[in-house]
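**Student:** In case you want the letters, here they are:
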Amino acid sequence: MTLGRAGPAFRRSAALLALLAGWETLSRLGWLDPFYMPPPSAVGQVMLDLAAGGELWPHLGATATAALAGLAIGLTIGIALGFAAALLPVLAELLEPVMILLNAIPRVILAPLFVIWLGIGLASKLALATILVAVLIFFSVFNGIKEVDRRLVERVRTLGGGRRVLVREVYVPSVTAWVLGNFKVAVGFAFTGAVVGEFVASSRGLGYLLQFAQSTYNAALTIALIVIIMTFVLVLFALAGRLERRLLRWRRSGAGPRGG
Amino acid sequence: MPSTAGPGRPAAPARPAVPETLLRVRGLSVGFGGPPIIDGIDLDVRAGQFTSLIGPSGSGKTSILRVVTGLLEPLRGTVELGVAPPDVGFLFQDDALLPWRTARQNVALGLRIRDVPPADADARADHWLSRLGLAGYGDRFPAQLSGGQRKRVAIAQVLALRPRLLLMDEPFAALDAIVRTRITQELLDWVEREHLTVLLVTHDLEEAIGASDNVAVLGHGPRAAMRARRAVDIPRPRDVLEARQHPAFGPLLRTLWNDLTEEEPPSPAAAGEAGR
Numbered sequence: 322m323t324l325g326r327a328g329p330a331f332r333r334s335a336a337l338l339a340l341l342a343g344w345e346t347l348s349r350l351g352w353l354d355p356f357y358m359p360p361p362s363a364v365g366q367v368m369l370d371l372a373a374g375g376e377l378w379p380h381l382g383a384t385a386t387a388a389l390a391g392l393a394i395g396l397t398i399g400i401a402l403g404f405a406a407a408l409l410p411v412l413a414e415l416l417e418p419v420m421i422l423l424n425a426i427p428r429v430i431l432a433p434l435f436v437i438w439l440g441i442g443l444a445s446k447l448a449l450a451t452i453l454v455a456v457l458i459f460f461s462v463f464n465g466i467k468e469v470d471r472r473l474v475e476r477v478r479t480l481g482g483g484r485r486v487l488v489r490e491v492y493v494p495s496v497t498a499w500v501l502g503n504f505k506v507a508v509g510f511a512f513t514g515a516v517v518g519e520f521v522a523s524s525r526g527l528g529y530l531l532q533f534a535q536s537t538y539n540a541a542l543t544i545a546l547i548v549i550i551m552t553f554v555l556v557l558f559a560l561a562g563r564l565e566r567r568l569l570r571w572r573r574s575g576a577g578p579r580g581g
Numbered sequence: 052m053p054s055t056a057g058p059g060r061p062a063a064p065a066r067p068a069v070p071e072t073l074l075r076v077r078g079l080s081v082g083f084g085g086p087p088i089i090d091g092i093d094l095d096v097r098a099g100q101f102t103s104l105i106g107p108s109g110s111g112k113t114s115i116l117r118v119v120t121g122l123l124e125p126l127r128g129t130v131e132l133g134v135a136p137p138d139v140g141f142l143f144q145d146d147a148l149l150p151w152r153t154a155r156q157n158v159a160l161g162l163r164i165r166d167v168p169p170a171d172a173d174a175r176a177d178h179w180l181s182r183l184g185l186a187g188y189g190d191r192f193p194a195q196l197s198g199g200q201r202k203r204v205a206i207a208q209v210l211a212l213r214p215r216l217l218l219m220d221e222p223f224a225a226l227d228a229i230v231r232t233r234i235t236q237e238l239l240d241w242v243e244r245e246h247l248t249v250l251l252v253t254h255d256l257e258e259a260i261g262a263s264d265n266v267a268v269l270g271h272g273p274r275a276a277m278r279a280r281r282a283v284d285i286p287r288p289r290d291v292l293e294a295r296q297h298p299a300f301g302p303l304l305r306t307l308w309n310d311l312t313e314e315e316p317p318s319p320a321a322a323g324e325a326g327r
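Sequence lines, in order, name chains U and G.
Heads up: the first sequence begins at 322 in our numbering, then just goes up one per residue.
Heads up: the second sequence begins at 52 in our numbering, then just goes up one per residue.
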């Protein structure tokens with residue numbers, strides 16, 4: 322079987338292409354109502370127009386700014402609070418209930434509140450993306466430190482290492498691994514925060530465009546925007562994956578001479 | 052690198068006629084909430100001697116070493132070290148290397164903790180890696196090494212600190228027989244050449260006899276106590292495999308076996324695996 326021997330990436334692309342071709346064919350045959358389900362060619366045309374007309378870029382820029390800044394601030398806050406809570410029991414007792422509550426609810430319900438507090442500009446989107454990311458990262462750091470490998474701690478202690486050495490050699494690398502393990506989820510959360518924030522109230526951004534497309538019953542524009550957001554997030558996932566592989570290269574068992 | 056205990060080594064010269072005691076344990080009791088699993092343990096490790104502590108699994112052997120390392124608080128009893136804490140080296144069964152540090156960084160870690168400048172520490176780490184047959188492996192991460200290679204890195208990490216007293220807890224238990232015999236021999240060669248003082252905790256009688264000058268026997272729990280202490284009358288330097296052919300080996304093995312198994316307490320199961 323030629324198809325079976327080809328790589329999984331090839332098989333996946335083939336499946337996607339087949340789906341698009343089927344969709345297009347069904348539309349051309351008139352079996353799909355273009356009002357609800359415009360053909361891929363029409364969606365592609367909308368995307369081209371958006372890009373060529375220059376209309377897309379400020380919106381994409383606004384969303385990316387809110388998401389990436391929210392990601393950075395959320396990571397910083399999450400890591401700082403996670404470390405502090407793990408090292409200071411008093412702070413853990415104060416923070417944990419709040420964080421557990423924030424973790425239990427769908428945090429996007431805070432969006433209207435942020436709009437009231439911070440207005441319809443960038444700040445409310447930033448705040449939503451930040452809190453989505455910060456809570457996730459707080460728990461990965463907090464639990465990461467609590468579940469750090471005891472044998473490593475004991476090893477460093479028997480070699481004579483104190484608290485400073487333990488933090489540098491054991492806790493920080495261990496937490497880095499935990500955070501990187503959740504990094505892709507954090508990227509997704511940051512975009513969720515930015516887009517939902519725009520969806521609720523804004524004057525620009527991909528979420529704003531989506532809201533506009535929905536209110537005008539423009540299915541082609543809606544699908545085009547969904548595809549654009551997906552593509553953008555996938556590109557970021559790929560970058561995150563590279564960063565992860567680079568920083569966690571110690572996890573890969575490399576080839577080489579083996580034996581006692 | 053001075054390869055023998057020569058003038059370059061401050062610890063070894065002029066060994067006194069009556070060897071000093073590098074580790075003195077008195078009346079040590081250890082428990083985990085319930086009754087003590089070991090009770091009233093006395094143990095001496097004399098300078099230049101290779102002492103083995105044998106006992107069944109779960110008898111609390113490991114707990115004794117954990118008290119010595121300061122990782123465990125005893126119920127009662129004292130531990131006196133005849134050397135400064137930085138001169139004690141530890142090699143345990145589940146020693147983990149830092150997975151995010153290379154072999155070189157792992158070996159250099161103890162030196163860096165002792166404020167050796169980074170370049171110097173790296174050079175000494177490379178030296179010890181090549182001594183243990185791992186020349187050229189300095190940039191590998193632990194995940195890229197075999198179990199035997201990782202154990203050699205752990206040994207290099209400890210020996211690079213030039214300890215005067217080496218405490219080991221079944222350090223090679225996880226290795227296969229061939230690798231284990233080879234590494235034991237290498238370590239024994241080093242110990243004999245440097246007149247290193249060693250306390251080895253093990254449940255393997257043959258390993259204990261093959262390597263040691265004397266063997267202390269810990270009884271069954273609960274409330275395990277010291278049973279006997281036997282000298283090993285096999286000349287050095289030793290070959291781990293040939294030592295087993297020595298006429299003294301068989302009878303001593305029998306004696307130790309009897310020491311270990313006589314007067315079985317009624318319910319040894321009560322002690323459980325609390326030793327870990």
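In short, the hints are calculated from the structure, not lab data.
Yeah, the Cβ is synthetic: ideal placement off N, Cα and C, and Gly gets one too.
Incorrect hints may have been included.
[Claimed, not checked] Which residues of chain G face chain U? A partial, calculated answer using Cβ under 8 Å:
| hint | residue |
| --- | --- |
| 1 | LEU122 |
| 2 | LEU126 |
| 3 | ASP145 |
| 4 | LEU160 |
| 5 | GLY189 |
| 6 | TRP308 |
[Unchecked claim] No more than 25 Å apart at the CA atoms, straight line, and that leaves these computed lysine to any residue pairs for SDA-like:
| hint | chain 1 | residue 1 | chain 2 | residue 2 |
| --- | --- | --- | --- | --- |
| 7 | U | LYS467 | G | PHE300 |
| 8 | U | LYS505 | U | LEU409 |
| 9 | U | LYS467 | G | LEU123 |
| 10 | U | LYS467 | G | ASP145 |
| 11 | U | LYS467 | G | PRO298 |
| 12 | U | LYS467 | U | ARG485 |
| 13 | U | LYS467 | U | VAL419 |
| 14 | U | LYS467 | U | ALA498 |
| 15 | U | LYS467 | G | ARG75 |
| 16 | U | LYS467 | G | GLU124 |
| 17 | U | LYS505 | U | ILE437 |
| 18 | U | LYS467 | G | PHE83 |
| 19 | U | LYS467 | G | ARG233 |
| 20 | U | LYS467 | U | LEU402 |
| 21 | U | LYS467 | U | LYS505 |
**Student:** With reference to the structure, classify each hint as holding or not holding.
**Tutor:** Against the structure, the hints come out as follows:
1. LEU122: This interface hint holds because 6 Å falls under the 8 Å limit.
2. LEU126: Hint on LEU126/G: violated, closest Cβ of chain U at ~20 Å, above 8 Å.
3. ASP145: With a minimum Cβ separation of about 5 Å from chain U (threshold 8 Å), the hint on ASP145/G holds.
4. LEU160: Cβ of LEU160/G sits 6 Å from chain U, so the hint holds.
5. GLY189: Violated, about 13 Å.
6. TRP308: The hint is violated - TRP308/G has no Cβ within 8 Å of chain U, the shortest such distance being about 30 Å.
7. LYS467/U x PHE300/G: The hint is violated at about 48 Å.
8. LYS505/U x LEU409/U: 28 Å, violated
9. LYS467/U x LEU123/G: Holds. LYS467/U to LEU123/G sits at ~19 Å (cutoff 25 Å).
10. LYS467/U x ASP145/G: With Cα atoms ~20 Å apart, LYS467/U and ASP145/G stay inside 25 Å; holds.
11. LYS467/U x PRO298/G: Roughly 54 Å separates the two Cα atoms, so the pair is violated.
12. LYS467/U x ARG485/U: 17 Å, holds
13. LYS467/U x VAL419/U: Judged against 25 Å, a Cα distance of about 18 Å means the pair holds.
14. LYS467/U x ALA498/U: 14 Å, holds
15. LYS467/U x ARG75/G: 35 Å, violated
16. LYS467/U x GLU124/G: Since the Cα atoms of LYS467/U and GLU124/G sit roughly 22 Å apart, the hinted pair holds (cutoff 25 Å).
17. LYS505/U x ILE437/U: 30 Å, violated
18. LYS467/U x PHE83/G: Given that 25 Å is the threshold and the Cα spacing comes to 22 Å, the pair holds.
19. LYS467/U x ARG233/G: 38 Å, violated
20. LYS467/U x LEU402/U: 14 Å, holds
21. LYS467/U x LYS505/U: 22 Å, holds
The earlier numbered hints that this structure contradicts are 2, 5, 6, 7, 8, 11, 15, 17 and 19.
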